[in-house]
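Residue numbers (the numbering used here), protein chains in the order written: chain X, 1 to 376; chain G, 377 to 503.
Some clues are possibly wrong.
Just a few of them, taken from the derived set where beta-carbon distance is under 8 Å, the chain X residues facing chain G [said to hold, decoys possible]:
#1 Gln72
#2 Ala294
#3 Ile298
#4 His301
#5 Arg349
Pair ranges (Cβ atoms, derived) [what the hints assert, rightly or not]:
#6 X:Leu324 to G:Ala439: 50 to 58 Å
#7 X:Arg349 to G:Gln467: 22 to 30 Å
#8 X:Gly28 to G:Gly500: 28 to 36 Å
#9 G:Glu463 to X:Arg349: 42 to 50 Å
#10 X:Arg326 to G:Ala439: 17 to 25 Å
#11 G:Gly422 to X:Pro343: 41 to 49 Å
#12 G:Arg393 to X:Leu17: 39 to 47 Å
#13 X:Arg171 to G:Gly500: 23 to 31 Å
#14 X:Thr6 to G:Pro483: 35 to 43 Å
#15 X:Arg280 to G:Gln467: 45 to 53 Å
#16 X:Gly350 to G:Arg393: 28 to 36 Å
#17 X:Glu285 to G:Arg393: 54 to 62 Å
#18 X:Pro343 to G:Glu463: 25 to 33 Å
#19 X:Gly109 to G:Gly500: 42 to 50 Å
Calculated from the structure, these hints are not laboratory results.
Predicted model, so just to flag it, every value in this text is computed and none were measured.
Even for Gly, the Cβ is constructed at its ideal location relative to N, Cα and C.
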Amino acid sequence: MGEATTLRRTPLHAAHLALGARMVPFAGWAMPVQYRGIMEEHLAVRSRAGLFDVSHMGEILVEGPGALETLQRLLTNDVGRLRVGQGLYSPMCAPHGGILDDLTAFRVGEERYLLVVNAATTAKDLAWVADHADRAVVRDLSSEVALLALQGPAAEAILSQLTPVPLARLRPFDAVPRTTVADRPAFLSRTGYTGEDGFEIGPAWEDAPPVWEALLAAGQPLGLQPAGLGARDTLRLEAGFMLYGSDIDETTTPLEAPLGWTVKWEKGDFIGRAALLAQRERGVERRLVGFTLAERAIARHGFPILRDGATVGRVTSGTFSPTLQRSIGLGYVAVAHAEPGTPLAVEIRGRPVPGEVTRLPFYRRPKVERPVGAER
Amino acid sequence: MFPEDLRYTKEHEWARREDGRIRVGITRFAADRLSDVVFIELPRPGSTVTQMQTFGVIESVKAVSDLYAPVSGTVVEVNTQLAERPELVNQDPYGAGWMLLLDPSDPTEWERLLSAEEYRRLVGEEA
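Kindly generate the complete structure, drawing on both the sequences and the hints.
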């Protein structure tokens, strides 16, 4: 990555600098990695709330007759079950079954779908979707729509001060295509990448600064903090969410990653189905598993995973879990070593550090009692 | 930020003279830049270290860095508290976050370390 001058900036760049953020290059963008510290921001999201700028992510609109058919062919999950105002998570696969991207798809109108895709893959995805559009019109909204993620147990209490939407009625992955947040038009969904309750808010690019400021002001009495990509990574890893480019990519399939639940065989044909079906019948040779280590050293991407001294896999992500106060990670191992409880080691700077395969997620948020009547 | 009575390395360690021995840690500049230290690997007491050779490793969530010995000598004591509380390096880098106590083998090496003023100039350039 070159000098900062070549990096793209989100509409909140000035706001990040004013908050004292440490900016880093990420997928061609200048992004805040932290404000006051990764640990503090992580714990704020787990206990109260955090506000993330994720405007670098791409938004692709697929609309018109053929929109549903186009997405049913492109995605492994079943878009056909979505009512207007609902969304889902899905991989998008290549014909050989490798994952081109993982994304969320929202039905925002009768024949309108919004895809929220990874920043690093936006251009590739856009070309792929447009090439496979069956009559549907494909539009890139990435430079028109900003995206803020408000995450944590206090998220609903904060956002409800700024929007007319009765948030208690929104279930996970529900979306409101058009509403207002802080009096600005915005898209809203009950989604996130942290393992906490939370919302993603998509105002127009130029409206992002006032929406950001209003959220911070409304959340301040409830302990809201701005949070950067550093905390986003530790949070998603504790929640067992995969990061595209690290844990999954074109060389891995949804059946090797624990994403088999997103592959809907019965919905009809889709790109990659034949290859995935063949893999299912053959049986996968490796699986992405979670592991914990007995020491605090961090297992970094690419480190060997050992069993009885022999290499049986590779680390794809690792961090020190602020919640568990342990070293955790994800990696692919040969299927014989994928059962939770299997003793493994990760080679860290030439030394095997003992650990074991751990059931995902590492962290699950406590169930919150909801008042009767708040359920839909 | 950089106490006047300490000497420094260009790799951001500090050294303090204590009754003929040398106490070693990393500077507040380095600790801030790493942020949230989660793991520190230190040598065993009795082992020897060599000036400007690595003696250990420090990890934060974001990065892993080598630690360099400001002077050569024998490790008399290591800060065992850091195994459970590595955050002491962030909270108190010149106090409770110290790492090694050395018995120096070459007294002339001290003179080759940077003064607070020289170190301040160095990090001013890096920042």
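Here's how the hints hold up against the structure:
1. Gln72: Nearest chain G Cβ about 40 Å off; hint violated.
2. Ala294: The hint is violated - Ala294 (chain X) has no Cβ within 8 Å of chain G, the shortest such distance being about 12 Å.
3. Ile298: The hint holds - Ile298 (chain X) has a Cβ within 8 Å of chain G, the shortest such distance being about 5 Å.
4. His301: 12 Å, violated
5. Arg349: 7 Å, holds
6. X:Leu324 to G:Ala439: 50 to 58 Å: Given a distance of about 21 Å, which is not inside 50 to 58 Å, the answer is violated.
7. X:Arg349 to G:Gln467: 22 to 30 Å: With a Cβ separation near 26 Å, Arg349 (chain X) and Gln467 (chain G) satisfy 22 to 30 Å, so the hint holds.
8. X:Gly28 to G:Gly500: 28 to 36 Å: Since the Cβ atoms of Gly28 (chain X) and Gly500 (chain G) sit about 30 Å apart, the hinted range of 28 to 36 Å holds.
9. G:Glu463 to X:Arg349: 42 to 50 Å: Once the Cβ atoms are compared, 22 Å apart, the range 42 to 50 Å for Arg349 (chain X) and Glu463 (chain G) is violated.
10. X:Arg326 to G:Ala439: 17 to 25 Å: 19 Å, holds
11. G:Gly422 to X:Pro343: 41 to 49 Å: 32 Å, violated
12. G:Arg393 to X:Leu17: 39 to 47 Å: Distance hint for Arg393 (chain G), Leu17 (chain X) holds at roughly 41 Å.
13. X:Arg171 to G:Gly500: 23 to 31 Å: 54 Å, violated
14. X:Thr6 to G:Pro483: 35 to 43 Å: Since the Cβ atoms of Thr6 (chain X) and Pro483 (chain G) sit about 50 Å apart, the hinted range of 35 to 43 Å is violated.
15. X:Arg280 to G:Gln467: 45 to 53 Å: 52 Å, holds
16. X:Gly350 to G:Arg393: 28 to 36 Å: 34 Å, holds
17. X:Glu285 to G:Arg393: 54 to 62 Å: This hint holds: roughly 59 Å between Cβ atoms.
18. X:Pro343 to G:Glu463: 25 to 33 Å: For Pro343 (chain X) and Glu463 (chain G) the Cβ distance comes to about 29 Å; the hint holds.
19. X:Gly109 to G:Gly500: 42 to 50 Å: 56 Å, violated
Checked against the numbered hints given earlier, this structure breaks hints 1, 2, 4, 6, 9, 11, 13, 14, 19; the rest are met.
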